[in-house]
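There are 4 protein chains.
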Amino acid sequence: MDLKNKIAEAAEQVLLANGLAKTTTKEIARAAGCSEGSLYNHFKNKEDIFLHVLRGQLQNLMRTLTSLQSLAGKETIRRNLEPVTRAALEDFSNSMPLICSVFSEPDMLLRHREGFALRNEGPHRANEAVAAYLFKEQQLGRIREEMDPKAIADLLLGSCFQHAFQVNFLGKIESNDERAAFCDRMLSTLFP
Amino acid sequence: MDLKNKIAEAAEQVLLANGLAKTTTKEIARAAGCSEGSLYNHFKNKEDIFLHVLRGQLQNLMRTLTSLQSLAGKETIRRNLEPVTRAALEDFSNSMPLICSVFSEPDMLLRHREGFALRNEGPHRANEAVAAYLFKEQQLGRIREEMDPKAIADLLLGSCFQHAFQVNFLGKIESNDERAAFCDRMLSTLFP
Amino acid sequence: MDLKNKIAEAAEQVLLANGLAKTTTKEIARAAGCSEGSLYNHFKNKEDIFLHVLRGQLQNLMRTLTSLQSLAGKETIRRNLEPVTRAALEDFSNSMPLICSVFSEPDMLLRHREGFALRNEGPHRANEAVAAYLFKEQQLGRIREEMDPKAIADLLLGSCFQHAFQVNFLGKIESNDERAAFCDRMLSTLFP
Amino acid sequence: MDLKNKIAEAAEQVLLANGLAKTTTKEIARAAGCSEGSLYNHFKNKEDIFLHVLRGQLQNLMRTLTSLQSLAGKETIRRNLEPVTRAALEDFSNSMPLICSVFSEPDMLLRHREGFALRNEGPHRANEAVAAYLFKEQQLGRIREEMDPKAIADLLLGSCFQHAFQVNFLGKIESNDERAAFCDRMLSTLFP
DNA sequence: TATGAATGAGCGTTCATTCAT
DNA sequence: AATGAATGAACGCTCATTCAT
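Protein chains in written order, with full-length UniProt numbering: chain A, 1 to 192; chain B, 1 to 192; chain C, 1 to 192; chain D, 1 to 192.
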C-alpha cells in the first residue's frame, strides 16, 4: 500500500478514536509510521486529509444502496430493505464521531458545501436512493399509491441515524444481534 | 441579568455559530461583554461552560413532551404528536452544531457520560417520553396492540433528528412552513 | 487576635507548605478565613505580607542568642552553645522553604536589601551574635587567643544551616533526638 | 553547539539571574535566540529544563571531590582540602539562586525526590565525599581516632554553604581573595 | 520523496490587584 | 473595615505548517 493510503487509513482510525478536534498531525503521522512532513507531500493540509477520510465513509451503505435499485419487484420489499437498514445502522454507528465532526468547524463546512453539492455527495443521498427504490415499487403496484416514498425513507434511515447517535453518545457497544433487532422493529413498524 | 447568564447566553450563541472546537474563551468573553478572567469567576473552565449550555438545549422539546403525557385519550393521536414533532425538529435544528460537538472531544464525553446517566439526561429521553405517551394510548385502545410504541417514537424523532442534521449540513434555512410540511409528511406516513 | 495577625499566621503556614511561588492570595485569604480584599486592608500587597512573615522567622534562635550574651564566663562554653545550636537547627529547618524563597524573586530581594541592611536584619546576624559571645569568652581567657571567634560561629551555624537545607531537600522528618545528636556532633568536634 | 545546549545555557543564565519563579519560557527562548515552541522540541516542559540545568550545577565541586579521593596520605590534609573548599564556596555561590529555587515549588521537589535518590544525586553527596576522604586519612593515622570525619565535613561545607547564601542574600560580590580568605579561616580553625 | 527541527500565532487558564457596595 | 466580582496582563504550552537537508 502506498503512503497516501497508509496516511488516510491512519487518519481515519485516529479521527474516529479522538474526534477531529483532538486529532493532531503528529498523531496521524505516528499512526501512519511516517513523519509529519510526509503528510504534506500527499495532502494539502490537515483539512484535506479530513475531507479525504470523510468521503470514504458510508461506503458499505452506498454499495448496498446501489444493489437495492435492481431489486424492485423481486422478493418482498421488507426483505429488500433489510440489508440496507443494517448497512445504514452499521455505517452510521461506525462513522458518527467523524460525521459529527463536520459541525465542529462550521467554516470548513461552509468552504466545502458547494463542492459537496457539485459532486452530489452528502448524507441525504442515502435517503434519496431508498426513496427512489420505493418509488419504483410503488409504480410496480407493490406499495399503495397514497404512501410517500421519501417519507418512508426518511423515517427508516432517520431512526437508524438517531439510534447510531444515541448509542455512541451513551457509549454502548451494540452486538450484531441487538442491531438486527433494532432494524427489525423499524421495518416491522413501517411494513406491518 | 447577572453576568453568569450573560456568559451562558453569549457562549450558546458563539458555540452554535462556531462549534465547540472553534469557540475560544476570548470570543465568549467578547460576546458577553466581559473579560476572559470573569469567565472563571462563574465557571470552572471552558468545558464547564459548554456543559452548562448543552444542558439548556432541547428545552422547548422537553416542555412539550411534559404536556404530551396528559393528552393521552384526548383529541387524535396525530394531533397530539404534532406540536411535539414540530418542537423536536425545531430544537434539533437549532442545537445540531452544539449537540454534535459532543463528539468532537470524545474524552470529554467519556468524562461526563456517568454524570449524564445519573441525572437521566441525554437525547434518548425524548424518545422514551413519546413512547410512554403512545403506550398509554395503546392501553386506552387507540393504537393497535401489535404496534410497538418505542419503534414509532424512534421513527418519528429519528426522522426529525436526521432531517435537522441534513438541513444543517447543507446550510439550508428552512421556513416554518417547510418544517411543518416535513412534520406532516412523517406523521401522515406513520398515522395514515 | 486581630485580622492582621490572623492573616500573617495564615500566610506563614501557606508559605511554608507551598513555597512563595505557589502561595496565592486566594489561598492565604482562605486560610485566614477572610476575603482576598481584606488582605489589602492590612498589607500593601502580597510582597508586603511575605516580608512581614519573613521578619518573624528565626525568632526562637534570636531569643536564644540574646540570652547567650549574658552567659559569657558561666558554665562551660559548649554547654552555653548547646541551646543556641539546637535553636538554630530547629529554626533553620522550619523556615528553610520560606528563607530560600527570597531567591525565587531576586528583584524583590534587590528592592529590600537596603531596608534589611538599615534595620540590621538578615541571617548573618546570628553568626555575629555567636561570634560576639565567643569573643567575650576569649577575652575572659576561656578560649585560646589564636582561635577566630567568627570562624567558629560560621562553622557551627553553617553546618546547622546546610543540614537543615539537606533534610528539607530530602524530605526527611528528623526527630528531636536526631537533631540533638547532630548538634552534639558539631559541638564535640569544635570543642573537643 | 546544538540548540538543546544553547537552550540549556540560556536557561541557566536566566534562572540564575531571575530565579525559577520569574524565569519565563519567553525569556529563555529570547536568551537562546529561538522561538518558544523550539523549547518543547528539546524539553518536555519548563520543569524539565529546570531539572536539566539543576543537574549541571556543582560540577566544579564534584570534579574536585573525585580527585580528592586519591590524595589520602599525600601532602597535608589541610592542603588537600583547600581546593575542595574553594570549589565548594565558588559553586555554592554561583548556584545558590538555582539551588534555592527547588524550595519555591515544593510539589516539584516532591515529584523528583525519588528520582534524585535513585540517581544518588543531591547536595549531601559532597559532604559524604569529604567525609570518605577524611576517613581514609584517619585510617592512615593522620587524623586522631576520636575525630568524626562526617562532622568535620559537615562543618567545613556547611560554613561554605551558609556563607554563599549570606553573600548572595546581601548582594555582595566577593573577590577571589576574599573567598580564599574565608576558606583559609575555616580550614585553619578546623585544622589548627 | 521523506524528513523533523523550527516556527509563531493562538490557546485556556491563573492571579495579584482594584473598587463599588 | 470587609467584601468578592471584575479585571487584564502574563503565563506555559500546543500544533499545523514550512523548509533546508
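Hints may contain errors.
[Said to hold, decoys possible] Derived Cβ-Cβ restraints for the label pairs, each shown as a range:
| id | chain 1 | residue 1 | chain 2 | residue 2 | range |
| --- | --- | --- | --- | --- | --- |
| 1 | C | D107 | B | R125 | 57 to 63 Å |
| 2 | D | E9 | C | K6 | 45 to 51 Å |
| 3 | C | T24 | B | Q59 | 50 to 56 Å |
| 4 | B | T76 | A | R30 | 33 to 39 Å |
Think of the hints as simulated: they come from the structure by calculation, not from any bench. In this text, a Cβ means the ideal position worked out from N, Cα and C, and glycines have one as well.
Beta-carbon spacing of B:T76 to A:R30 - inside the hinted bounds 33 to 39 Å or not
Between B:T76 and A:R30, where Cβ atoms are some 59 Å apart, the hint is violated.
Does the beta carbon distance between C:T24 and B:Q59 stay inside 50 to 56 Å, or does it fall outside?
violated (38 Å)
Range agreement (Cβ of B:R125 with Cβ of C:D107, hint 57 to 63 Å):
Hint holds: Cβ distance 58 Å, inside 57 to 63 Å.
Do D:E9 and C:K6 keep their Cβ atoms within the hinted range of 45 to 51 Å?
holds (46 Å)
Violated hints, listed in ascending order, are 3, 4; each of the other numbered hints is respected by the structure.
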